[in-house]
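Enquirer: Residue numbers (the UniProt record's numbering): 1 to 640.
The hints are simulated quantities; they were obtained by calculation from the structure and are not laboratory data. Just so you know, even glycine gets a beta-carbon here, dropped at the ideal spot from N, CA and C. Don't take each hint at face value.
[Claimed, not checked] Straight-line alpha carbon distances no greater than 25 angstroms define the calculated DSS-like cross-link-like pairs of lysine-lysine that follow: (1) K246 to K305; (2) K241 to K185; (3) K369 to K246; (4) K570 to K99; (5) K185 to K371; (6) K369 to K562; (7) K544 to K397.
[As the list claims (entries may be wrong)] Now the in silico label distances, taken between C-beta atoms and shown as ranges: (8) E348 to I238: 52 to 62 angstroms; (9) S227 to E348: 33 to 43 angstroms; (10) K81 to E382: 32 to 42 angstroms.
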Amino acid sequence: MGVKPLPNIVDASKIEKGEVDTSAPFQSVKAAVNMFGEGAFSTKKYTEKNSKPRNAENALTRETQLHVAQKELRKFKEQLKNCETTRIQALAELDKAKKEVDGLTQKLEIINASKKSSASENFKIQSEQSEEMMSSDHPDDTGNPWNEELSNAREQYLVAFTDIGSAKQDLRRITQESLACESAKVIALQEETEAKNLASVNIERANQLSNDIATVQESIARVESASMLVKQEETVIISGKETIRKAHKFALEESKNKILSLRKEFNPETGVIDKQQKLAETNAEIEIVKMEMKKVRVSDLNTVKTVTTELDGAKGVLQKVAEEERSLQSLLDSLKLELESVKKERLELNEKEAQTELTAANLNAHLEKRKFELENIIAGEEKTRLACEEMMSTLHKLSLDSSNAKRDAENMKNTASQLRKEIETIQISLEEAEKDLEVALSNAEAAKATEANALNEIKILNDKANAARTSTSESGAKITISIEEHESLSRKVDESDRLAEMKVAAAMAQVEAVKASENEVIQKLEACRKEIEEMKLTTETALKDAEMAEKAMRAIGGELKKWREREDKKASEIASRILEDTEMVKPEETSPPPVPNSQHIPRKKDEKVFDKMPFHKKTSRIPTLSAIFSRRKSNVSSSR
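Assemble the whole structure, with the sequences as input and the hints as a guide.
Expert: And the structure:
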């Protein structure tokens, strides 16, 4: 066991030749042990030279891989920071956009209110100007019922105009809400795409990190295997050293024993010459061996230095590998933590994606509802526009009818004044005819009296004539009258008869004319009474229609006010829901957005039936003015 390693250092023949030398070539046992130990150790170091460069190359490759993994990890961290900064910027921009939307909505509300007030003021000014024009054109018709109807129609037109303005404002508000919903939907879709992109990027990063972790684990396993090999080599080297030391100790003991045996066997008297020769030979051989030993020692020292430097380098490499192993372990732990954080972020992104999908679905539902309400409002606006046009046409017709009625009233007044004048003239003519009749009657009575006087005179004359005849007949004497007296008397009788007949005929003609004029006046008076009664009936019906129209318009105004209040409430609720939905899109909120339920909206008792109806059914309940004033037109046409 102890003799076999000796030929590697010194030949056996040379040792046998050195047995003659009494003085040991070594200064001490420690020097020989050190010399033989260094020589034996140097043989083992040559075996280590081949394994150490490989370990160094492996360590360099591992260092490069580690640096690459660290660079990639830094890149991933920078990308995550960039994603967080972009997310924060997007949230800040979303907040700014919300603030701008709120400011624009407030400005729009202020502008709409100012427009509404200016439109109402302009319409009031126009209505006042038209009323002033109408009052200046017809100052005497203040108490006419048609003016009341026109004022009622104007009020109805004002109410309809304000309703149209409110409907337009509702339409604008709903369009703004629909635009806000669409913008929120676009933002949600953009955020969804960004979340999907981030999820894909995070998946790629996770895959890359898993690959890097696998490579790092492989490199760690290789480093561990290399460290195990180095430890095994160290144990082999240590065991070889121990065996070499034991062999050198055994050889030293044998050399000591040989020296003692040679000293015992040495005889100075007999073999001095031979010993001297042998001594010279041995000294020469010893010198040769010393030279070789020096060369071997120098080479061994060089090899020892190189091996020690390599060993120090290997130790440093091992320390670096251990440190790298620790750093890789810490990096592996950090990568595991980052992988867990990436998984959590992925889960959060999936939840946010689902939340954005829910919000997008809710926004789509809200948008569909708003579109349906917008279509209903557009249809209602068309109906209100048609009703307004119909109202305008009816107002135009009413104005025409009122002007015609005013003309008819003026004509009736003119005819009534003419009839009054004719009645006055007829009364005057009647009074004159009565006077003429009285004169004629007095003349007739005078004629009758003259006729009676004439008849009495004729009778007296006849009596006188008869008496004269009788006296003459008795006495035989005759009364003679001249022919001229007889003719004059007969002429007087004829003239009196003619005058009486002419006066009677003239009086009868005057009486008949007076009776005919009386009949005409009576007929005209009856016609005037009938027209006055018809006018009273038409005015009463017009007043009733105006009262009905006022009641209907009051009811319409009340319904419109209720409807407007409900629509304002609905619009405010919709705006609050949209704001809640847009706020729920924020990534800080992890809870899913509440689905709006239209069944839990509090309503009043009076709003149950009217609010459930759609807009086109609501507008169908508003009565038109054409139906209100149809009776008045029929009455006016019948009066004409």
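Enquirer: Look at each hint and say if it fits the structure.
Expert: Against the structure, the hints:
1. K246 to K305: Distance ~24 angstroms between K246 and K305 Cα, so the pair holds.
2. K241 to K185: It is violated: about 81 angstroms lies between the C-alpha atoms, which goes past 25 angstroms.
3. K369 to K246: Since the Cα atoms of K369 and K246 sit roughly 100 angstroms apart, the hinted pair is violated (cutoff 25 angstroms).
4. K570 to K99: Holds: K570 and K99 sit about 22 angstroms apart, inside 25 angstroms.
5. K185 to K371: Roughly 14 angstroms separates the two Cα atoms, so the pair holds.
6. K369 to K562: Since the Cα atoms of K369 and K562 sit roughly 21 angstroms apart, the hinted pair holds (cutoff 25 angstroms).
7. K544 to K397: holds, 19 angstroms
8. E348 to I238: 52 to 62 angstroms: At roughly 56 angstroms between Cβ atoms, I238 and E348 fall inside 52 to 62 angstroms, so the hint holds.
9. S227 to E348: 33 to 43 angstroms: Given about 41 angstroms between the Cβ atoms, the range holds.
10. K81 to E382: 32 to 42 angstroms: Violated - the Cβ-Cβ distance for K81 and E382, about 56 angstroms, lies outside 32 to 42 angstroms.
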